[in-house]
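Peer 1: The chain contents come next:
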Amino acid sequence: MTIDNADIAIVGAGPAGMAAAIEAKSSKVVVLDDQAMPGGQIWRSVEDVAARNDLHIFGKDYYRGLRFVQQFRASGIQYRQRARVIGIEDWDTGSGSDLIYLHDGKVKRLSAKRLIIATGSYERPTPFPGWTLPGVMSAGAAQIALKTTNMVPKRPFILAGQGPLFLLLASQLKAAEVPPDVILQLDDPKRIKQALLHLPAALTGTQDLLKGLFWRLKITRGIKTSVGNVINIEAHGEKQLERISWKTQNGAVGECSASTLLIHDGVVPNTQLLRAMRAPIWYDNKEAAWRPSLASIAGQMSDRPWIYAAGDVSGIGGWRAAIAMGALAGASANYTLGNGSITNSEEMRSLGRGKAIRPFLNALYPPARAFHKPANSTIICRCEEISAGEIRKAVREGAQGPNQMKAFLRCGMGPCQGRMCADKTVELITESNGAAINEVLPMRVRMPISPVTLGEMTTLDKK
Amino acid sequence: MLVRRTKIEPDQLITFQVNDQFITARSGESVAFAVLAAGVMPTRNNPVSGSPRAPYCLMGICFECLMTIDGVDNRQSCMTPVAEGMVVHSQYNKASLERLDDD
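Residue numbers (this note's numbering), protein chains in the order written: chain A, 1 to 463; chain B, 1 to 103.
Extracted from the complex, chain A is given alone in its bound form (with noise of 0.2 Å):
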């Protein structure tokens, strides 16, 4: 049996995690990434995209990954795609760790001196009535369908959502010559007072605050129906979406037919690994999202400094803030293992301009009211059908937190192993029983993370 080894192993190729490799590569680097090309979920396809000549598409950010994806694959780093990380062994041990993965039908380990995990964000779950009906998507679903493999959302279709993503893709499908049919504003406009407390901080980033405002102004041009101040969003239908039906703030209601329904509310860390290897995590309440406890700019670990957190899995900053921590988590994991050194200014100024904009978004985008105290009948653990009447009940039953909640209801059990629903259980329990959301333990995720069959299972070498 020959063991795979590396000097430093990375989960996730996107922004940070190429960033990383990058600056480490004087160490014996390996990344694994689940996806079929480098580039994360931002710059997804970014080479096919480019061969299609669809990038005017997608905007200049797009067109940048295009370069980091090169220089990545250019620096001769081993690089594994549609590799699935599914565990992690040996993360209390002190002396590296072992990844457990899937790739091409088999179960694999790779041994690590250093661990850096990019594992990215993904969409914040949106429990509203009617939400796992077929044709209700996430927004960056459509996304990703249009950058994989150019399909577009069918019509007649809905895009409701807040935030930079929602800007993002209602000017991307615009660009693609579909633009929504009906576009559904969820931001609450009184926000902008709060926000604009932190303008100041914010213009140390003007690129990024002049494209949205951009983005922003542009919203509503070309498009039929534009309604604002959103509160309460349902879609219907018996197989599938037929129709959706909303109500403002002002107390206007609407509905119209739909094939699709597009939906967003911002992005969260993607902790499952973290949690997997139960790394501490805690609420940070400005950004409304799990993260996970980090003791060095360089993102590593408070209780195993050998393993490191980087890009937006460590807390949301986007692509640019995502490149400086990788680089810096590169630089300090290479530089531990006697290589390399550490010059990290140009990352500090980076990682500072990339995270300048963050608290004007926080404050001007807080959770969408649509999806805030939703009804006892909404769904909110889609894989056990769980509602938030029946959880809410638990917790007057005794339930304490997500991992009671478990053994009550099954609540998080499902195949997405709590992905889609645990954060909304914890917040229902504080809505309940009147606790701080961070003196609730978060659910905790066991391995494997991803689904694997016993016969992949059977390929595993033991150590």
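In short, the hints are calculated from the structure, not lab data.
We put the beta carbon where it would ideally sit given N, CA and C, even for glycine.
Treat the hints with care, as some may be off.
For the chain B half of the interface with chain A, some residues (derived, Cβ under 8 Å), not all of them [what the hints assert, rightly or not]:
#1 LEU13
#2 ALA37
#3 TYR56
#4 MET59
#5 VAL72
#6 MET79
#7 PRO81
Position chain B relative to chain A; hints supplied.
Peer 2: Chain B alone, transformed into the frame defined by chain A:
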């Protein structure tokens, strides 16, 4: 639901089977995209209530796209590249171990 912006290039065109129907796909794309573009609905029923479901996030997070692919239940169709001659079924019931006996 999704529609293609452009026709599939002839050298990229492949055919595979979904629920006894033959559909075309672009080589390399994931099963979920091809199935959505072909209008196959639902792609599974929730095993608790039987409610209809279809792919939701298309990035491997939500697990709504689970289908039976080449005889194996509970495969994430958004993470599985389509291949010529593949046999895919909507998963209307709970995942089953019985099919494994055939191996």
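Peer 1: Hint by hint, say whether it matches the structure.
Peer 2: Evaluation of the provided hints:
| no. | hint | verdict |
| --- | --- | --- |
| 1 | LEU13 | violated, 13 Å |
| 2 | ALA37 | holds, 6 Å |
| 3 | TYR56 | holds, 6 Å |
| 4 | MET59 | holds, 6 Å |
| 5 | VAL72 | holds, 6 Å |
| 6 | MET79 | holds, 7 Å |
| 7 | PRO81 | holds, 7 Å |
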